[in-house]
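J.: Chains as they are written, first to last, in numbering that gives the first Met the number 0: chain A, 0 to 326; chain B, 0 to 166.
For the record, the hints were derived by calculation from the structure and aren't laboratory data. Here a beta-carbon is modelled for each residue, glycine too, at the ideal position from N, C-alpha and C. Do not take every clue at face value.
[Said to hold, decoys possible] Residues on chain A that point at chain B, a partial pick, calculated with CB under 10 Å:
1) Val12
2) Lys24
3) Lys240
4) Lys255
5) Pro273
6) Asp280
7) Leu282
8) Gly286
9) Asp296
10) Asp300
11) Thr302
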Amino acid sequence: MKSARIAIIGFGVIGRGFAQALQQKKKYLKELGVELNIIAVCEVDGSLVNEKGIDLEKALKGELKKQSDWDSIKAPVVIEKHKPDIVLELTPGNVKDGEPGLGHIKKALSNGISVVTSNKAPLALNYSELMSLAEDNNVKLKFEATVGGAIPIINLYQNTLKINEIRSIYGILNGTSNFVLSKMDEEAIGLDDAVKEAQELGLAESDPGYDIDGIDTAVKVAILANSLMNRKVSFRDIKVKGIRDVTPEAIELARKHGYSIKLIGDVGNLEVSPRLVPKGDPLDVSGSLNAVMLDTDIAKDITIVGRGAGAIETASSLLSDVLEIVG
Amino acid sequence: MVIKMKIDMQLALKDVPGSLLRALEPISSHGGNIVSVLHSRGEKERVEVKVTFKIADQESLDLIRKEMEKRRIQVSNISVEGKRYYSKKILSFILVGHVIDTDVRDTIDRINEVGLVSDIDVVMPSPEQKSSVMMSVEVDNGKLERLNSTVEKVCKEKDLLLISSIE
């Protein structure tokens with residue numbers, strides 16, 4: 000039986016989704032001969048810590064603070080003191096400086112602990128530094144969940160397509176903006192109305208700027224450029240134009256000429272902008288779906304489509320990274 | 000006996016009555032012998048047509064090309080005896096903003112210095128509101144980058160949103 004002691008840092012939507020998926024797949028993991036023992040769940044103001052294992056069912060039900068294992072110690076202390084085998088860094092992203100996730104990841108790696116993360120900002124800002132730190136300490140840093148939610152784009156390339164040289168990558172990497180553009184196309188409505196609809200469905204934040212201004216897509220473009228195209232770039236190197244100025248008339252005109260307008264991350268050119276995609280093209284996916292198209296020298300075009308967000312969907316990528324580290 | 004050259008020509012025609020005949024006329028009027036005409040109608044507004052014909056010489060082919068250019072017929076590819084003779088790309092993009100008020104004639108002229116604007120479609124809700132203009136530009140493959148930078152420069156100067164194609 001292989002086992003790993005895991006500390007989850009950040010118990011919001013993604014953290015809870017991971018805990019749920021772990022509960023759901025308990026039997027399968029046992030059959031696989033893997034025991035994943037959650038020894039700590041860290042939040043902003045303290046942590047649940049139990050070396051024998053946290054009761055996830057209980058943690059999912061109530062407030063963490065009210066539980067008997069609650070302690071006021073913060074994540075960095077938990078990492079140093081308890082030295083888990085794997086740190087799951089699932090705090091929200093912050094593209095200004097990558098914190099607090101960046102500090103957590105550095106702390107874990109420099110303590111010889113492998114990291115699995117869904118936090119895009121630290122990788123989009125400091126990819127090379129973090130990968131070198133992982134290599135120097137002989138541990139792994141896995142980040143499949145940072146791009147495309149459940150879509151296994153990074154592992155697909157690194158595990159099975161590595162012999163191919165990638166010539167270009169185009170991606171619809173933000174479900175919210177794709178939902179908004181699809182609604183504008185299907186219902187001939189303006190951007191504001193489509194955003195409102197997305198907000199009502201819980202697909203957009205009250206301030207939708209991070210999604211519709213292309214920031215989220217740019218962060219993912221930076222990660223893909225580093226991890227799949229070996230480019231040493233930061234999020235700040237990406238040229239970004241969002242969808243705020245796309246009018247219903249432009250969408251109508253595109254439709255008339257056989258195109259959809261999509262917010263595309265053009266990884267090869269380090270650019271995010273609204274682009275014309277031919278109707279019926281593999282990238283012409285609607286709703287909140289994500290899609291990534293790789294153009295490679297040997298395998299040629301490969302397109303992968305799936306759900307780019309959602310707690311339980313993202314947990315699929317996180318679990319797959321954890322299992323790869325456990326071996 | 001005169002040995003004729005086999006030419007394969009790919010055209011993108013407007014899906015309107017008479018456009019195929021208009022496209023084939025220059026071939027027959029310059030002594031071309033049409034062998035086959037294949038067309039595929041996709042979801043786009045234009046119909047892709049592949050014409051195979053035989054002609055006596057290079058000069059006839061150049062005359063056919065010039066006549067087609069004059070008629071604003073989009074020629075996307077030509078092969079002579081199976082070898083690519085000349086290759087052009089058609090770039091489509093949408094401009095959003097005050098495209099008309101920022102001197103659309105100047106925009107077209109500057110694009111025409113690099114390629115040829117072969118199709119324009121305008122939606123203008125009202126003079127105060129932003130307009131959307133779809134353009135198709137025929138350009139030699141070697142001038143693609145120059146065309147892109149020209150369009151980007153014009154858009155920056157005139158504060159227009161450029162929505163280019165991923166094709």
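J.: Now tell me if each hint is right for this structure.
T.: Here is how each hint holds up against the structure:
Below 10 Å, beta-carbon pairs count as interface contacts, and Val12 (chain A) has none with chain B, the closest being about 32 Å; its hint is therefore violated. Evaluation of the Lys24 (chain A) hint against chain B yields a violated restraint, the C-beta minimum of about 38 Å exceeding 10 Å. For the restraint placing Lys240 (chain A) at the interface with chain B, the shortest Cβ-Cβ distance is roughly 7 Å, inside the 10 Å limit, so the hint holds. Taking 10 Å as the C-beta cut-off, the interface hint given for Lys255 (chain A) holds, the closest approach to chain B being about 7 Å.
Interface restraint check for Pro273 (chain A): the shortest CB-CB distance to chain B comes to about 5 Å, inside 10 Å, so the restraint holds. For Asp280 (chain A), the interface hint holds, since its Cβ comes within 10 Å of a Cβ in chain B; the closest pair sits about 8 Å apart. This hint holds: Leu282 (chain A) has a C-beta 7 Å from the nearest C-beta of chain B, less than the 10 Å allowed. Hint on Gly286 (chain A) is violated. Least Cβ distance to chain B is approximately 19 Å, over the 10 Å limit.
Among the interface hints, the one on Asp296 (chain A) is violated; its C-beta lies about 19 Å from the nearest C-beta in chain B, farther than the 10 Å criterion. Restraint check, Asp300 (chain A) versus chain B: the minimum CB separation of about 12 Å is more than 10 Å; hint violated. A cut of 10 Å between beta carbons decides the hint on Thr302 (chain A): the least distance to chain B is about 12 Å, and the hint is violated.
Hint check: violations occur at hints 1, 2, 8, 9, 10, 11; the rest are consistent with the structure.
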